[in-house]
Amino acid sequence: MKTQSWQIDRRTVLRGVGAAIALPWLDAMAWAKGSEALAAKKRFCAIYFPFGAPTMPQGHPHEKWNWTPKEEKDGSYRFGEIMKPLTGLKDRVTVFHGLSHGRNMGGHNSADGFLTGTPVNGGGDKNTISVDQVVAEKYGKDTRFSSLVLSLDGGIGAPGRSSTLSYRRDGTAIPAQSNVRRLFDQMFSAAAQKKLVAELKRKASILDRVSESSRKLSGKLGKRDQAKLDEYLSSIRDLERQIQKQEEWLGKELPDIDPSKLSLDATLESPKEYLQSMFDLLFLALQTDMTRAATFQIGNQDPGASTGQLPLKLGMKKGQHAMAHYMKRDDGAAEYGEYLQHITGLYGGFLQRLKSTNEGSGTMLDHTLSLYGSSNGSSTHSPLDLPLVMSGGEGMGLKQGQYLKFNNDVPLTNLYATMLNQLGAPQKTFADSTGQVSAILKG
Amino acid sequence: MPQPEKRLSVVQLNGWCLISSLLALLLAGPAVLADETKPAIDATVRFSDNVNRFLSTYCISCHGPQKSESGVRLDQFSQDLTNGPHADDWHEVLDALNKGQMPPRKAKQPSNDERQEVVDSLTVAFKEAASARRSTGGQVVMRRLTNYEYNHTLNDLLALNENWSKDFPPDPLSAEGFKNNGSYMGISALQIENYIEAATRALDEAIYPGDQPALKTIDIKDITTLKTRDGKTAHLADVTYAGVLYWKDYPKQGPVVVDVIIRGIKADDLDRVNTVVSLEAGSRLSVKKGNRDVFSAKQVTVDPAISIKDDLVHLQYRIPKIELYPQVLPNHPFEEYAIRFEAGDRNVRVVSMKAKGPYYETWPPQSHRQIFIPSKNAKNEAVYAREILERFMTRAWRRPVTTQEADELYGIYQSNRKTASFVESIKDCLVQVLVSADFLYLVERKGPAGNREKLNPHELASRLSYFLWSSKPDDVLSGLADQGKIASPVHLRAEVRRLLKDDRSWRFVEQFSTQWLGLDRMNTIAVSPEIYPEFNDALIADMKEETQHFFGYVLHENLSALNFIDSDFTFLSERLERHYGGPRRRPGSPAVRKVTLEDATGKGIAHRGGILAHASIHLANSDGEDSHAVNRGVWLVDRILGNPPPEPPADVEFDQTIEGFDKLSLKQQLAAHVQNESCARCHRKFDPFGVAFENFDAVGAFRTKVRKLDQEELAKRLESAKMEAPEVSFKRIDTNGDGFLQKDEWFAHIRTNHTGRPLDPKQMQGQFDEVAQVRADKRGMNSSHPHFTVSPDEYEKHVVKLERAATQRVQADLPYRYVAADATTVLPDSTRINGLEDLKAYLLKHKKDEFAENIVRRLLAYALGRSLEFSDDQTVQTLTRQFKEDDYRLASLVEAIVLCDLFQTK
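Top line first, the protein sequences correspond to chains A and B. Take any residue in the first sequence, note its place counting from 1, add 142, and you have its number in our numbering. Take any residue in the second sequence, note its place counting from 1, add 447, and you have its number in our numbering.
Chain B with its partners taken away, still in its complex shape (with noise of 0.2 Å):
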C-alpha cells in the first residue's frame, strides 16, 4: 500500500513544523508573493522595543538576512498586525515562542522571563490588532434585528405570538457573547428567502378575510350521558376530579376557551395543586374506558385564569390555536381532538366542564384591525388601501414615511389590484414592507461625511425599545418622538421607567442575562447519565429560569448588582428546589418562586446566594461528567471581572503528553498545567479561581465528595454476573451423559447452588418447563429424546438470558467511589480561600471595581450593538463612578447608559 501524506505533529516534529508550515505559507499566499515587487516591511508600524530586541538577539540570526533558515526572513514580516499581510505568520511564531519551540534547542536560549514578557507583548499586540481591524471608529455599524428582534418585532407588529424565525440561521456571537453586534452579522440570499417566506405566513396569519366563523361548543354534560351506556346514570362530573372532552366537530381554526368549574380545593390551595389542561390529538379507534393510546402522546398544557366565587373555582384556559396542538401520529387517522383536565388533587370535583370556539374577543381580531384599521374612509377603498399602506409603513419601519414612498407602494397595490382581490392586493404589498432594507435593519440615516450626530428622534425611539424590549417602539413612544419630545432627559427617563415597567422588558432579562453570562452553553453539555443517573433534562430549562429571574429581579426592584455575587435570595422552581438539596414541595407546582435563602432549611439551599451560586453556571461550565475547574475560573475572570484570557495557543495536546493524566486528582492536573511553563503563563490567573466552584458537580448540586464511577469495581461487578461457560456446567448438570437435562438432573442442579428459603417444586417445575419451553411446543418434531428434556442449545440460551439479567442488574445500580471535593485554593495574588464563599467574600471586598466597570462595559456594549472600543473609555469610566456611587443599583445603570450621549449618537 503506498504511504499516504501522514498529518504533521507539532509534538512529534517539534520546530520543524513551524517552519514547514510557515514555508507552506510563504509559497501559497499571494500577499507573500506580491513581495517580489514591493517590500514588505510596513516601516510605519512596529513592534515595542522589547519585542524588536528580544528577535535580534535570538531570531534573526538564523530567520534573517544572513540566514534565512526554511525559507523564513522574520526581518522581511510585516510588523502591521491590522492590515499586513504577516499575521498569521506571527501568530505561528507566537505559538512557536509560547510553547518553548524556538529557538531550537541547540542555539542561544531566551530566560523564562524575557519569554514571558515577549509572548505578553506580542498577545496584547494581537488582542489591539483584533479590535483594530473590527473598529468602526466608535460609531454603531447599521445592524440587521437579531432572529429574536426579528420575532418580537413581528410578532408586536401583527398582535400575533409565534416564532417566526425557528428556522432562520443562528445570529452569530461578538467577542463579547452578544448576538446584536452589527459588525458581525451577516446577511445571505437563504435568509431574505426566509424573510419573505416568514412574513407571508405571519400576514396569512394575521389577516381575516370573510366572516366570523360559527362558535362551536362542547360540554361534558352531553359526552357523559352518551357515554354511560351500561344504564349507570350518575354524573360523571360529580364524581371525579378529571374530565374529558373529545371534540369531533372542533374548530380548524383560530382560539379555543375551555371552561372548567371546580370545588373542593381552598383558593389558597390553588398554586399547589396542578390545574392545567392538556390536548391531545387523534382518533378513538379502540376507545376503551381509559385507553389513551390511540391519542397522540404529545401534549401540550396551558395554565389557566382563576377567578373564585363561593366554594367554587372557574379554571379558564385560552388555547391560541387548536391546530397547533399536536402534531398528529402518522398512522392514526386524525379525527378528533381531546381536551384533557386533571386535578393534582384527588379531593377536586368537576363540577362543569365546556369549551367554545372558534372564540374571538374582537371580529375581526385583533391582528386583522392592525392591518385593516378602523376608518371613517373604510368604504372608499381606494382611499383606505393608501391609508393601510401609509399607517403599515410608518408601523414597520419605525418611522415617518415620505410622501414618494407611500405613492410608490400605492402604486404597486393599484397594480395589484387589477388582476387580485382587496386582501391579497395589499398582503402583497406589506409582504414587500416586511422584506425591506427599512424594516430588517436599524437604519440610522447620516449626512454625506459620516460625522458622528445626535440620532433622530425616531431613530433614539428604536435603539431604547430594542435595548429594553428586543423590538419596534409602542405608540405612546413613536408618538413622543413624532412630537420631538424623546431627546428632552425628563421624556427619556420616563420612558425607560415605563419600558423597564412593561412586561415586554422579560425579553431584556431574558437575552441579555443570557448572552452575558453564556447560559445556552448549556444545551450543548451531554450530562453524563452514568455519573447522574436521577438528572432530569427538564432541570435545565429551570436552571436557565432560576438566573433570568434572579436579574430580572435585581433590575425590576434596581437592587444593587453586587448580588449578583452574593445575596440572600434566589428564584427556585420546585424540582430545583429539590436539585438542590431542599425539602419536597406539594407536587404539581412548577412555577418560579422567590426563596429567602435565610429562611432556606436545605443544605444545599444555603449555599446559593448570588448567580456564581447557580447550577445554571456550573452546569454550562462543565464537561457534563465533572465539575471543570479551567472553564469555570475562564468563566468567572471573562464573565464577572470582564478580562478575558487570550485563545489558547494553537494545538496544545498537552493532556496527551502527559502519561496518565486523565487518572490525575484535579489538584494534580492543574498543578501539571503551571508546572509547563506556557501553560501557567494563562493558567495561573484563572485556574484557582475555578478551583473554588468545587464545592459544586457538573449539574451544580453541592457536594463535599467527587462521585466518580468505580470502573474497576464496576469490571469486577460485571466478571462475577458472568457464568460459567455453558459447556462446561452442561456437562456437569449432566449426569447421565445423554446431552439433555432431565427433569431430575435439573433439580438437583437447582438444589445445589440453592441456598436460603426451602424451594418450592412448582416453581422449580415452572422454570423447567420455561428453558425447555421450544421442546414442549415443537413436540413430536424430534423423536430422538423424550420431550420435556432441556438441550445444550436451549440450556445455553437461559444461561445467557440469566447473564444478561444480572449484568443489567449491575448497571441498574452502578458502583461510585468517592474522593473529598476539595476547593481550597491560592489566588493569583497569594489570597488562600476555600470554596465558593470565601470565594464571594473575596471578590466583593477586592474586586468591585472590576466587577463594577464590567457590568457596565457589557451593558454598554448591548446596549449600543457594538464591542467598545478605546474611544469608548471615558464614557465607560464616568458610568462607573455614577453606577458606584449609585450604590450599583441596576435599573439606574441603564438609565445612565440611556441618557449617555454614546447612547444618543450615531
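The shape of chain A in the complex, shown without the other chains (with noise of 0.2 Å):
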C-alpha cells in the first residue's frame, strides 16, 4: 500500500473536528433521561503516548516545536506547535513542566508505571492499582462497564514493555482492547448482546459446575495446597460476580448508534482512520455513559512493537522510538514534533466534542477530567519532567487555564492523589505521593 504524504496543517486539526460534527451524533439528554443526574458524574480518562515529547533549549530553531507553552514578559503563554490544536481550548487546558515519576521508574519499562506510579523493571515486580481503576472501583457499579481500557497493542503485554495502562488493585493488568469492531459490538451492537447473553449463559453454568467438582479436592490436600485451591476457588466467584453484573446490564436499553459513520474495519494499516475511530468511540462510550473511566494508550514502548511503526505507516521516515532518540538533532525536534502535533490535534477534537456536547447545566467537558502524556521526558527517556496536559473537569472544582511549573521534586502521584479526592475517590496516598498539588483546585 502506497503512504500518503505527510502533513498536518491547520486542515488537518480542523478536519478532525468536522469529522467529529459528522459523526453518529447522540443527543446525551434524552439518553441519559434528566439532566441532574448527569450533572453529578464524574469522569476520568487518560491518554499516552510512549516515549516523551521534545524539549530544546531556549533560541535552538525548533524551541518552536517544545512541548512546554512559550512564556512571555507578562506572564502569558502562547502554545507551540506541538500543542496548537489545544489553541482554542486554552482556558480549558493545564500544562504541566517538571513532574515526575521517581528515577526508579525506569525509562523503556515506564509505561507500565504511568498511572500507577510504580516501577515495574522484571517479571517479579508487582503493579499496583492505576488513576482509573480507582475510579472505575468508585463508579463501575453505575455504568455498564467498570473501565475502558485502549491501546494500540491490546491485550497486556510483558512487564516493562505493557501494551495496556490499566492495572487492578492487585497489581494486575487490565488487557485492552485494540479492535474497532470489537468494541463498537460490545457497546452498541444490539446482535452482539444477544451472542454476549448466550455466551455469559454458558460461561456461569461451566463456573458452577468446576466450582462444584473441584470443591471435593477440599480436604485430601495439604494446608497450602488448600490455600491454593481457596485462591482457585474465589478467583471462579470473582468472574461469577462479573458475569452477573454483565447480565444484569444486558437486559437494560443500548443506545441507537449508527455505526456507517464511523470505519469499524480499520486498523493500523490506516492509521488516520484507526485513530479517529478509537477516539470517536471513547467519546461515544463516556457519551452514552457506558463507563466513567476509560484509558488509551497509543503505542507501547517495545521498540519493535507495530504500534513504534505507526509513524512509519503515517508516511514519516522512522518509528517514533528513533524519532525520539533523535529529538535533540538538527530537524529531529520537528519531525518528531509533527507527529505528536497529529495525535494532540486528535485529542482536541475529542475535547472539542465533549466541549460542545451539554450536560446538565454545563457541557460534558465540564465532568471529564482527562490526563494526556508521556511517561517519559527527554530524548534518553528519562522519567523525569513528563510532559503532560489536564483538561476539563470544571464541574469538580478543577481549575485549568494554567501553566504549572514544578521541579522534579513532586511526584506526578500527587497529581493523580489530587485527581483522585476531586473525582470524589479519594485515597490516602497514591503510590509514592506526598501529598496534593493544590494549585489545580479552584480557590
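Any given hint could be a false lead.
Keeping only pairs whose Cα atoms sit at most 27 Å apart, straight-line, the calculated DSSO-like set for lysine-lysine is [to be verified]: (1) K206/A to K1163/B; (2) K206/A to K1244/B; (3) K1169/B to K212/A; (4) K1244/B to K212/A; (5) K1178/B to K460/A; (6) K460/A to K1169/B; (7) K455/A to K613/B; (8) K337/A to K699/B; (9) K226/A to K1248/B; (10) K226/A to K1244/B; (11) K268/A to K613/B; (12) K1295/B to K1169/B; (13) K1163/B to K365/A; (14) K460/A to K1248/B; (15) K1190/B to K1178/B; (16) K337/A to K865/B; (17) K470/A to K1244/B; (18) K206/A to K1169/B; (19) K1169/B to K470/A.
Calculated from the structure, these hints are not laboratory results.
Fit the two chains together into the complex; they arrive one by one in their own frames, and the hints show the way.
As C-alpha cells, then:
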C-alpha cells in the first residue's frame, strides 16, 4: 500500500473537528433521561504516548516544537506547534512542566507505571492500582462497563513492556482492546449483545459446575495446597460476580448508534482512520455513560512493536522510538513534533466534542477530567519532567487554563492523588505520593 | 502559585528522610498502632549479638528509652523479621547504616569494619527471613500449569499445535528466575475466563463434525496457460526458478499441501539454497506482471520435506491451516491466496507446482479422533458418550477417574443432550474438564496430617513429564503408572532416557536454559541504532537459539556441564556466524548448525567457547549502547556461581552525585563504586568479573576497541552542514539588488562556489528551473517581476532543502571515536586476569565446585517447582558429589535428580 504524504496543517486539525460533527450524533440529554443525574457524573480518562516530547533549549531554531508553552514577559504564555491544536481550548487546559515519576521508574519500562506510579522493571516486580481503576472501583457498579481500556497493541504486553495502562488493585494488568469493530459491538451492537447473553449463560454454567466438582478436592490436600485451591475457587466466584453484573446490564436498553459513519474495519494499516475511530468510540462510550473511567495507550514501549511503526505508516521516515532518540538532532524535533501534533490534534478533537455536548447546566467537558501525556521526559527516555496536559473537570472543582511549573521534586502521583480527591474517590496516599497539588484546585 | 509538597530526597536531607519516613510508618501502620496494647518486642527472636551490641553502642542513646529522636525507638522494634511488624522499619535502618547516614555526623561513629559487619549480619538476616516467609516446609505447593505448560498440555491432549496462552497474564518469576514456582503463581478471575475461552477455542479447532470436505486442487500448469495471453506458449515452469499459485477457490479450512518439483540442483547443495514457500493473501485488483503490491506484505514461510529421485527434487510443504496466514490488509478486499515458491539459486527450474486442500491424512483428523475415539460402542450413543468422557477426563487429569466423577460428568452430558446435539453436548462437558482444578493444577493429594508422603504413580509420572516435556505424560508413561511400575528405579531411569530422547524434551531445553540464564531479558534491551547501525533484530532469535541448542546438545549427548564454561563448539546460524566475524556462508541457509571452533577461521568465532561467550548473554546484560560490566558481573556470580548479591539499597542516586559520571571511563566508574564504601561492599564482589567481558560489546560482537558516538565531531559536522542564513547569501547573490535572482546571477553564484569538473550548462539550467519551479507553475499569477526568477521565499526553501540533505548525509555516516577495550581486572581473591579466556580458565580452576552446586540447585528447583530450603541441603550435597564423580555429565544429573527421594515425595 502506498502511504500518503505526511502533512499536518490547520486543515487536519479542523478535519478532526469536522469529522466529529459529521459523526453519529446522539442527544445525551435524551439518552440519559434527565439532566440532573448527568450533572453529578464524574469521569476520568487518560491518553498516553510513549517516549516523551521535544524540549529544545531556549533560542534553538526548533524551540517552537517544544511541548512546553512559550512564556511572555507579562506572564502569559503561547502554545508551541505540538500544542497548537489545543489553542482554542487554552482556558480549559493546564500544562505541566517538571512533574516526574521517581528515577526508579526507568525509561523503557515506564508505561506500566504511568498511571500507577509503581516501577515495574522486570518479571518479578508487582504493579499497583492505576488511577482509572480507582475511579472504576468507585463508579463502575453504576455503568455497563466499569472501565474502558484501549491500546494500539491490545492485550497486556509483558512486564516492562505493558500494552495497557490499567492495573487492578492487586497489580494485575487489565487487557486492553485494540479492535475497533469488537469494541463497537461490545458497546452498541444489539446482535452482539444477544450472542453475549448466550455466551455468558454458558460460562456461568461451566463455572457453577467446575466450582462444585473442584470443591471436592478439599480435605484431600495439605494446608498450603488448600490455600491454593481456595484462591482458585475465589477467582471463580469473582468471575461469577462479574458475569452476573454483565447479565444485569444486558437486559437494559442500548443506545442507538449508527455505525455507518465510523470506520469499524480500520486497523493500524490505515492509521488515520484507525486513531480517529478509537477516539470516536472513546467519546461515544463516555457520552452514552457506558463507563466513567477510560485509558488509551497510543503505542507501547517495545521498539519492535507494531505500534512503534505507527509514524512510519503515517508516512514519516522513522519509527517513534528512533524519532524520540533523534529529537535533539537537527530537524529531529520538528519531525517528531509533527507526529505529536497529529496525536494532539486528535485529542483536541475529542475535547472539542466533550465541550460541545451539553450536560446538566454545562457541558461534558466540565465533568470529564482527562490527562494526556507520556511517561518519558527527554531524548534518553528519562522518567523526569514528563510532558503532561490536563483538561476539563471544572465541574469537579478543578481549575484549568494554567501553566504550572515544578522542579522534578513533586511526584506525579501527587497530581493523581489530587485528581482522585476531586473525582470523589479519595485515597489516603497514591503510590509514592507525598501530598496534593493544590494549584489545580479552584481557589 | 501555592507550593506543593516536595518529594523528600534522601541525598538532600540526609538522615532526616529516614526519620520522617519512619515517623510516617509509625503513624500510618496499623501494626504499629497495635503496639499500644501489647508490647512489640518479640523476645523469642533476636538479632545476633554483634548487631545488638552495635545498636546499643551507637543507636539506642538517641532512639531508645532516654530519647526517642523523631519518635523512633529501636528498642521497641520487634527483631523478628519473618513475622514481626517491623521488617520494613529495619530495612530503613539497614539502608541508613549502609549509606552512612546514621549515626548522624555529630554522634559517635562506628569504624568501617564495624559498620560492614553489622550491615552484613542484617543483610543475611533479611535473606533468611525472606526465605522463611516463603518456606513451604520443604514441600511442593500445588501449582497451576505455567502458560507454556498449559499450551503444551492442551496441544498434546488434542493433537493441535497453536499458542493458546498468547493473551494470558505472564507467569511471575521466582527469585531464582523460574516460572514454575508454585508459591509465586497466582490465579485470578481474568485467568479463569482466559481458560474457559482458550478451552472453547481449542475444542472448536479440534472437533470436526460432519463429512470430509471435498479436496480442492490447483496446478501451476493451468495458471500459466491462462496467463500467457500474448500468444507465447512456452511453459513457464520450464524457464523459471520461481512459481506462484494464485488461488481464488482456495479451501477455507484445514491443511494445505504444496508439492513443488525442481531440477537443476544437487542434493548436497539443497541445504544452502533457500527453498521455502511463502503464503500471501489479498486480491489482484491491478495485477501486472511482477506486481505484488496488492497482496499482503506479511509472509509466512514454511520449510519443506524433501525427497530426491534422479535429478528431480520433490519438495513438499504442509501448511497447517491456510486461514491463519497471513492477516489481510484492511483496505484490500480479500479474494485469493498466493502461494509463492522462489528458489535461492537461479539455476533451479520449477518442473511442476501443485497444491491441494483441505488435505487430511485421515478422516476424521487426528485431533477429532483423540476425543471421539474409535470404539465398538460408537453406534450406541449413550454408552459411547460415557466412554468418550471418561477417557478424556483420564487423559486431561493425568490420573484414573472415579466412577462417581465419571457419573457426574455423564449426568451433565445427559441434561445437555436434551437440548443440544451429541457433539455439542460432549464439547460442553470437555470445556468443564479443562477448566477444573484437576486439569489446571498439578494436584498431589495428601492425607489429613499433611505429612511428607511418596507420590502416587500417576503423580510421579506427571512430575516427570512436566519436568522434561512441560506437558502431560504420554500413553506409555501413564501405562507404567497404571501398572504401578513407574516407581521402580529401572523403569524410572529408562523413562528419563526415553523422555530425553523424544523431541518434546526440546521444551525443557528451551524453557530451562532461557529461565536459568535469563535470556528473556534480551527482548527488553533496546539496541542503539546509532552505535550499532548494522544490528538486525533477527539476530536476537539467533542468539537465543545458539544458547538453547548449546544446552540441548550438552544434555542430549550427556556431555560435561563444564562445557558451559568453555567448549570447542557452538551453534550458529549463518547470520550469527557473520555477526561473530565469521566468513560469509552461501545465503539462504538460516538453519542453526554446529560449528567446531578449532575449524573456525573468523577471529571472533575462535572466542566463542562456552555460554559465557554467547552474544545472548552479552546482550541480555548490556544497556543497548555499551557493555555493562555491573550487570554482567552480577549475572555471573548469580546465574553461574549461584551467589546472587543482595538488592541495592533503596534510592541509590550515586550516578547523579558524581560530577560528570557519564564521561568517566568504565574503569573510573567502577573505581568510583569502590571508593564509596556502601557501594563497594557488594560491588567489589562482582564488578571485577564483569570487566572480563569487556571484549564483547552490547550486542556481543568481539572488540578490542570500544565504539562510542563522537558527539563533538557529530556536532561539528552538523554545524558545517549548516548553510549561511538565506537572507544574507540571497543579498550577496542578488547583485543587481532587485529582490529576485535572475538566471545570470544564479549562474554566477554557482560558478563562484564550484570547484572540480567543469559545469554542465544544462545541469545548471535544470537546477535553476527546479528552484524557480513554483514561479514557473504560477506563470502569470504575479506580474510584478519576470517569470523564471527566484524569489527570496523560493531561495530559502532551496537552502533548507540543501541543508536537510547535508545533515542527512552526516547522519548516514555517523562519526565514532574509539577507546581501547580494557578487560584486565583483579578478581576478589586478587587474581589478575585479562579477558574472558582468562576468566574461563580461572573458573575451571577455582570455581568448579560452586558452579557444579549451582547447576544442581537450579535443576532441582526447576524439577520440583519450588525454591530450595535449608532442609534440602543434604540432597544438594549428595547430588553435587555424584555429579562431580560423573564428570559433570548433564543427563546423568537429570537422572540422579529424578531418582532422588525429594523428587518422588510430596
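Hints, one by one, checked against the model:
1. K206/A to K1163/B: 24 Å, holds
2. K206/A to K1244/B: Roughly 19 Å between the alpha carbons, so the hint for K206/A and K1244/B holds.
3. K1169/B to K212/A: Between K1169/B and K212/A the Cα gap is close to 26 Å, so the pair holds against 27 Å.
4. K1244/B to K212/A: Holds, because 26 Å separates the two Cα atoms, which is no more than 27 Å.
5. K1178/B to K460/A: Answer violated: K1178/B to K460/A is near 36 Å, above 27 Å.
6. K460/A to K1169/B: 22 Å, holds
7. K455/A to K613/B: Since the Cα atoms of K455/A and K613/B sit roughly 25 Å apart, the hinted pair holds (cutoff 27 Å).
8. K337/A to K699/B: Given that 27 Å is the threshold and the Cα spacing comes to 24 Å, the pair holds.
9. K226/A to K1248/B: 25 Å, holds
10. K226/A to K1244/B: 23 Å, holds
11. K268/A to K613/B: At roughly 20 Å apart (the allowed maximum being 27 Å), K613/B and K268/A satisfy the hint.
12. K1295/B to K1169/B: The hint is violated at about 60 Å.
13. K1163/B to K365/A: Measuring from Cα to Cα gives roughly 70 Å; hence the hint is violated.
14. K460/A to K1248/B: OK: K460/A and K1248/B at ~18 Å, within 27 Å.
15. K1190/B to K1178/B: 15 Å, holds
16. K337/A to K865/B: 21 Å, holds
17. K470/A to K1244/B: Status holds; Cα separation ~22 Å.
18. K206/A to K1169/B: 19 Å, holds
19. K1169/B to K470/A: 16 Å, holds
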